[in-house]
Structures are given as structure tokens and as C-alpha cells.
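Chain residues, written in single-letter form:
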Amino acid sequence: MSASPNRRLRVGIDVGGTNTDAVVLDENDRVVATAKRPTSPDVTEGLRAALDAVLAELDDPAEVTRVMLGTTHATNAILERRALGRVAVLRLGAPATTSVPPLSDWPADLRDAVSAGATIVRGGHFVDGRPIAPLDVDAIKRFLAETTADAVAVAGVFSPGSSDQENQVAEIIRGELGDVAVSLSHEIGSLGLLERENAAVLNAALYGVAREVTTALGTALDARGLKVETFFAQNDGTLMAVDYATRYPVLTIGSGPANSLRGAAYLSGVEDAIVADVGGTSTDLGVLVGGFPRESAAAVEIGGVTTNFRMPDILSIALGGGTIVGQEPRSVGYRIAREALAFGGSTPTMTDAAVAGGRGAVGTHDVPEHWRDRLAQALRAADEMVADAVDRVALGKADRPLIAVGGGAFLLPERIPGAGEVIRPRHAEVANAVGAAIALASGRLETIVPAPNSGRDRAVLIEKAKEEAAARAVAAGADPASVQIVELSEIPLSYLQEPAVRLQVKAAGPLAR
Amino acid sequence: MQARISTDDVSALARGCAVLGTGGGGDVRAGALAARRAISAYGEVPLVTLDDLPPDGLVLPLSGIGAPTVSHEMIHAEDEPVRIRDEVERIFGRPPAAVMSSEIGGGNGVAPVAWAARLGVPLLDADAMGRAFPEVQMVSMYVAGLPANLVIMSDVVGNVVTIRPVDGLWSEQIARAVAVASGSSALMADYVLEAAACRGAVIEGTVSRAIAVGRATEGAQDPLAALQEELGAVRLLTGKVAELERRTTGGFARGSVTVEGTGDDRGRTLTLEIQNENLVAVEDGRVRAMVPDLITVVDTQAATAIQTEGLRYGQRVTVLAWPCDPLWRTPKGLETAGPRAFGYDLDYLPVEKIAQ
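The listed protein sequences derive, respectively, from chains A and B.
Those letters in the first sequence? Residues 1 to 513, by our numbering.
Those letters in the second sequence? Residues 1 to 356, by our numbering.
Just so you know, the hints here were simulated from the structure itself, not pulled from any lab data.
Positions of the beta carbon are idealized from the N, C-alpha and C atoms, including for glycine.
Among the hints, erroneous ones may be present.
[Said to hold, decoys possible] Here's a subset of chain A near chain B, in silico, CB distances under 8 angstroms, partners left out:
1. T98
2. V100
3. S104
4. V127
5. L191
6. G192
7. L193
[Said to hold, decoys possible] Output of the computed footprint for chain B on chain A, the stretches with three or more beta carbons under 8 angstroms from beta carbons of chain B:
8. 82-96
9. 128-142
10. 380-394
Whenever a hint applies, use it, and build me the whole structure from the sequences.
See the structure below:
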């Protein structure tokens with residue numbers, strides 16, 4: 001097909017642990033170019049290489065109007081304690097909460113790298129919205145006067161239900177410190193003070209990293225003459241505009257699995273399925289419900305810090321194309337093209353086992369005959385591992401199809417007990433980058449409202465929560481005309497006099513034109 | 001030598017308390033953080049027996065009361081136990097000699113370490129349940145016939161409420177109402193006892209037992225077997241969570257969970273009836289264990305306890321059950337916290353008898 005004038009192309013990039021993948025999609029969401037490059041230690045170099053590779057396939061790179069990036073920059077910065085900003089932590093809650101001060105559960109080295117002091121001042125709310133204490137403005141000003149922090153994180157007790165104090169404190173901080181970055185916990189996390197506070201502090205520590213990435217991406221795009229809008233993928237499989245991402249960098253953590261699930265849904269056209277993403281060292285299994293990743297209910301630890309992010313519910317097993325037979329879970333990783341038997345090397349890998357088992361024609365050499373029994377045995381063991389993992393994530397529903405994606409998808413057998421049909425969509429090897437490119441923009445909100453049949457202003461509060469979630473989606477880049485509420489869930493709270501529920505609302509929509 | 005609880009012991013204690021929580025008792029994490037922090041600030045906590053205390057030494061049984069979701073968000077104020085101590089001193093003319101956990105199961109088993117450290121007094125190696133129970137009167141002192149005539153509560157803002165109830169049932173009702181007014185979270189001393197009156201009215205050795213339970217799985221080749229042996233537990237079933245039903249009625253999280261057998265247990269199904277805690281285990285219409293015996297769901301691989309809110313479809317779990325303290329098997333004990341106290345029309349049978 002020849003290029004039509006004025007095409008509007010999108011580039012999706014996903015930085016994974018082993019590979020950085022890039023795709024170009026046209027305005028009808030058809031894949032027109034793909035590339036896979038090794039992820040570089042500094043992340044940015046691999047990103048540029050993958051970007052160059054897909055741009056080289058286009059007649060006119062100027063047709064690219066948008067770039068969507070899912071990246072591990074933020075995760076790596078936390079794991080390596082690198083380039084993190086120093087954060088002053090302000091908790092609003094005294095005299096409550098003083099038995100566990102901020103950052104109590106942080107690993108000492110991360111706390112040393114991040115903390116520019118922490119305090120608990122009078123303020124915060126009860127579960128029913130009454131203030132615990134009037135906000136202690138003087139104490140806040142005294143704390144700020146002494147700080148040399150790069151950013152301030154603010155966490156108020158029950159702020160997801162009553163956000164006014166956190167917003168007021170943000171104003172005070174701007175008044176006292178001028179243009180310092182402020183991270184408000186109610187904009188980032190859900191109920192659970194310590195986890196939400198931790199997320200707000202990590203977010204504040206990542207502002208510098210966020211600027212670094214956006215600058216690197218901007219420079220790379222400028223150098224290639226591209227005038228484009230850029231978006232970042234976030235942990236729930238949706239996008240945020242670049243200026244939004246610089247305010248909420250912590251939300252980029254965990255975007256990889258979400259991208260691959262969304263990409264699998266798009267490429268296969270199936271919205272309710274199990275997805276197996278087979279990479280070089282591991283296979284990630286997740287579940288699509290209505291085209292979105294099923295989310296985990298468990299607390300998520302990042303670099304030793306407990307947070308309450310909504311992450312895709314992913315089960316990882318140590319099975320990848322580079323997994324060394326007899327030395328599981330070790331993997332040859334990106335050296336597979338030198339070391340695997342099918343590439344003339346001397347290391348038996350799961351790729352060799354799949355090739356010997358007739359599941360794919362990969363590599364440059366025949367797998368030596370004397371390895372065949374051992375490899376067949378390894379393949380049977382791998383199939384059992386996959387079947388067990390599928391059973392674990394399936395939750396008793398045995399008829400859902402399984403979408404096989406990722407560079408090592410050919411490892412998976414044609415039939416998997418516990419799943420229906422095994423679907424292998426075209427371009428499955430770059431499903432994660434496709435997922436980044438086709439994603440919607442979203443906003444979410446969590447609050448507490450009265451339980452059904454308990455009267456009060458329940459309906460009004462739910463409506464307000466929906467409007468706020470939609471406004472957040474628009475702020476993240478969604479088209480105001482097509483934002484929809486895609487998720488509304490209520491969890492009953494126990495031991496309360498007035499029956500109440502925890503309300504979670506998520507709004508999402510396609511990017512504004 | 002006298003035992004002391006150090007920051008190193010807190011993790012084991014927290015794991016053990018989660019196991020003894022039988023699915024309820026609240027989250028152990030905030031309690032463990034508070035305990036570590038208080039030990040660092042105020043020093044290690046001596047763990048004493050009744051013999052170590054003077055006969056007229058006052059024992060202060062403490063527990064948090066309120067809604068679990070609230071305590072996860074509005075964490076306790078550090079000085080709540082100080083206000084209760086001051087009130088005890090006003091009433092009795094002397095301060096408490098030791099703190100005791102009212103409920104060893106769940107968060108209320110761990111947090112007393114923080115409260116004892118803050119007050120600079122020892123922790124008594126005992127509690128009032130030997131497990132977790134949902135209501136204030138479900139304590140050993142009530143079963144032993146001690147008059148429930150004093151409750152002292154303190155909340156996050158510093159309010160102190162002293163209740164002189166006519167009996168344990170009233171102390172439950174009034175304490176619950178006070179907790180709601182305080183934002184559904186408060187610290188409570190239910191009964192204040194002289195050490196001499198504790199014998200037979202508290203369940204001794206439960207703090208060191210919780211630590212031992214937590215330590216049993218540390219570095220074990222087979223954590224599940226190690227835990228089962230330490231508890232003297234019957235393994236009811238190993239399988240996966242196949243069905244979950246949750247609802248909140250009357251302020252309590254009720255529901256049921258169905259576990260489908262895997263491996264050697266394939267083809268079998270066990271259903272747990274839950275009211276905050278796991279109360280009854282039924283297989284093929286036959287009861288295999290019931291309250292007040294302890295029933296806990298653990299992760300089959302790590303042998304860590306899974307609380308009711310943490311249960312999810314597909315989890316690989318093992319259900320363990322083991323005998324409660326003999327006090328709960330007395331007529332008054334069963335009347336207070338036996339199956340009928342929770343609305344199950346069942347005659348109590350000890351778990352080890354059923355297993356035979």
C-alpha cells in the first residue's frame with residue numbers, strides 16, 4: 001500500500017527488562033512498522049535505537065504525530081537509588097497516627113537517599129469527614145522554613161474522602177517556597193495511610209527522573225525533526241499526557257505488563273481472555289476483563305517500599321525463550337542469539353526445546369540429536385508449569401481463550417489445559433508496544449460514600465466522584481466528548497455505625513484529536 | 001534470665017499473631033511498625049509471667065477497638081496508652097505493673113509491645129482469648145466470672161472515657177458506641193486486674209507461643225509441616241480457593257469461602273463459614289472443626305496466614321485447625337464463644353475428636 005498524504009502515524013515504545021520494542025500504527029490502528037532492540041543499561045540509548053529502527057521503515061517520518069512511551073526509568077531509579085530527589089514529608093493527622101511516623105517502613109538506604117525531613121502536624125479527617133484537628137498552619141510554615149528539599153509530599157488522614165486540607169497545604173507550600181514541586185497523596189493513592197503516603201513520597205522523589213526522561217525523549221524527537229505530542233503509559237494500561245506524567249511519574253511504574261495485556265486485546269480482538277507474555281527470562285500471565293487488565297488486590301512493593309497502587313494482577317513464572325535447560329530459572333537473556341543450540345552455541349535453552357519439539361523454526365542451526373530427549377523432557381515440564389499457572393489465574397473459568405504474545409510465544413503448546421483456544425495474533429512479539437500506542441487516557445478516584453439504602457447524600461456523592469474521575473481523565477489527555485466511566489466498584493466497610501462503602505471510579509476515553 | 005522483646009522478635013510475633021488470628025483480628029503490619037518504632041525509642045520490652053509480678057500488681061489488658069479499614073488509615077496516636085495509665089492511677093492510686101494483650105490474634109497481639117514500651121512497663125506473657133474474637137465480652141476474664149465493671153477508653157485526640165458497665169454485654173455495647181464517636185478507632189482497657197486475680201482468668205504463655213509459631217517457619221525446608229507441628233494442628237484440606245462470598249451485615253464481615261482439594265485432596269471440598277474470623281469448617285455436610293477451636297487459612301508454600309480480606313480466587317491454600325485453650329471448652333466458655341454464640345445450631349465437638 002502506498003503512503004497516502006497526511007497520514008497520522010503513532011509510535012508506541014515499550015522499554016522492557018530485556019528488549020525495547022517499538023511499533024508504528026496508522027490512524028486505523030494498523031501496524032505499519034515494528035522493531036525490537038536490546039534494552040541499554042541507561043535505558044535511553046536502547047529507546048533511541050528502537051525509535052530510529054521504526055522511523056527508518058517509514059517513507060516520511062514527519063507523518064508521525066504522537067509518541068507513546070512505556071518505560072522502566074522510574075522503576076530503575078528507585079531500585080538503584082539513583083537520581084532521586086530529596087523530599088520533605090508533611091503528614092496531616094496529629095495527634096492521631098503518631099505511633100508510626102512517616103518513612104518508618106522504608107529500607108534505610110532509600111530513606112537516606114530520599115528524606116529531607118518528615119513531620120506530623122495537626123490536621124486530617126475522621127472517616128465521617130469531621131476534622132481530627134484544625135490544620136496547624138504555623139507548624140507547617142516552621143517546617144517549610146527549615147527545609148532544603150527538592151519537593152514536598154503531603155499526606156492527610158482520610159484525604160481520599162476529604163481532600164480540602166491537602167489542597168490548602170499545597171497553596172501554603174507555594175506561598176512559602178515558590179515553585180517547588182508538591183505531591184498530594186489523594187491524587188495518587190487510595191485508602192491506607194502509610195501506603196498512600198509512601199506512594200506520594202516516591203512520586204515526589206521521581207520528579208527529576210521524569211524531567212530527565214521527557215527531556216531525553218524530547219531531544220531524540222527533535223534530533224529526528226519530529227514535531228509530536230508525547231504520552232506516557234501508566235500502571236493500569238492507560239496513557240497520560242507528558243505534562244501530567246511529569247506531575248505523577250510514579251504512575252509509570254508497572255506499565256509494561258499493562259501494555260502487553262492491552263496490546264494482546266487489541267491485536268486479537270478478544271476482550272475477555274488470559275494473556276501469556278513470554279519474554280527472554282520469564283512468562284507473565286494476566287487476565288483481560290472487558291479489554292482491561294484485572295487488577296491485583298495485594299499490596300505492591302517497589303524497591304522495598306509498600307504502596308497501594310492498582311497494578312495488573314500478574315503471575316510471573318521462570319519460563320522464557322532464554323531459560324537454560326537444567327539450570328532453571330537462569331536465562332541466557334539477550335545472548336540467546338550466540339549461545340543457544342539453535343544458533344550454533346552450546347547452551348541448551350527453552351527456545352531449543354521448542355524448536356526441537358516442532359513448535360517454531362527459530363535460529364540458524366539444527367538442534368543436535370543427543371539433546372533431543374533432555375529437551376523433550378524440559379518442554380513437558382514447561383507445559384505443566386504453564387498449565388498450572390493458567391489454572392491459578394483462571395479463577396475456575398476453564399473456557400477463556402489464551403492469547404500468546406511476546407518474543408517467546410512460540411514456546412507455548414497448541415492446547416493448554418484450563419484455557420480454551422490458544423490465539424496467536426499477528427505482531428504478537430511487540431504486543432506491549434502496540435498496547436502503549438493504542439491506549440486510552442484515564443483518571444481514577446477512590447472515596448467513601450454511604451452504603452445503599454442508608455439514604456443521606458449517597459447519589460450526589462457518587463455523581464461527584466464520577467465527574468471528578470472524568471475530569472482527571474481529561475487532564476490526562478482524554479477527549480472530553482468521549483470520556484466514559486469504565487469501572488465503578490463498591491466494597492463494604494465493616495464495624496462502622498453508619499453503613500458505608502469504599503467507592504472506586506475509573507473514567508477513560510480516547511485521546512483528544 | 002528474663003526474656004525481652006527486641007525489634008528482631010517483632011516480625012516473628014507478627015507472623016504468629018496473624019496465624020492465631022484465624023482470619024480476623026485486624027492487620028498486623030501497623031502494629032509491627034509501631035512496636036519496632038516504640039522499642040527503638042523507649043527500649044526493649046521485658047516479657048514476664050504472673051510469677052514475676054507482685055500479687056497486687058495491676059495488669060492492664062489493652063486492645064484497639066474500631067473498624068479495620070479505619071485503623072489502616074487513622075493510625076493510633078502514640079500517647080493513647082499514657083492517658084489510660086493516668087486514669088488507672090487516678091482510680092487505683094498506683095500505675096499498672098504490666099500491659100497484657102486482650103487478643104493475641106491479629107494486630108491486637110503485636111501492638112501491645114508498642115504500648116508496653118511507651119509506658120515503660122513489662123508485657124505479660126498472656127492474653128484474654130488465645131486467638132481472635134469479634135466482641136468485647138468474649139474474653140477469658142468474663143468466662144472466669146470476674147465482674148466486668150470497668151472499661152477505660154482513650155482515642156486519637158486525647159479523650160478518655162471511663163465506663164462502669166453492669167456486665168460484659170453492656171461493656172460491648174457502650175464501648176462500641178464510644179468507639180464510633182471517636183471516629184471508629186480507640187484504645188481500650190477492658191478490666192483492670194491484680195496479678196493475683198489473673199490466675200485462671202487469663203490464658204498464659206500466648207505471647208511466647210505466638211513468637212514460637214512465627215519462628216517455626218523461619219528457614220524451614222517445609223514451612224507448612226513446621227507450622228502444623230508447632231501448632232499441633234489437623235490439616236483439614238490442601239487446595240485452591242474456588243468460591244468466595246462476602247457481605248457486611250450488622251457491622252461484621254460475613255461470608256464463606258470454598259476450597260477445592262488439589263493433589264492428594266483432589267475431589268474433596270471444604271467450606272469455611274466466616275464472621276470476621278473463620279468459625280466453622282464443613283466438608284460434605286460434615287463439620288470438621290468449629291469455633292472456639294482455631295481455623296486458619298495459610299499459603300500452602302510459605303505457610304503464612306491469609307486473613308479474610310486477603311483471600312482471593314485461585315490462591316493455593318491449606319486449612320489448618322487446632323484446639324483452643326481448655327477455658328473455652330467449659331460450659332461458660334462455649335456459651336460465650338461456642339458455635340451457638342455465633343448463630344450456628346451445632347453441638348460443639350473438639351477438633352481432635354472429630355479428626356479421629
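Verification of the hints:
1. T98: 4 angstroms, holds
2. V100: 5 angstroms, holds
3. S104: 5 angstroms, holds
4. V127: 5 angstroms, holds
5. L191: With a minimum Cβ separation of about 5 angstroms from chain B (threshold 8 angstroms), the hint on L191(A) holds.
6. G192: 5 angstroms, holds
7. L193: 5 angstroms, holds
8. 82-96: It holds, with 4 qualifying residues against the three required.
9. 128-142: Holds: 4 residues of the segment 128-142 of chain A have a Cβ under 8 angstroms from chain B.
10. 380-394: holds (count 4)
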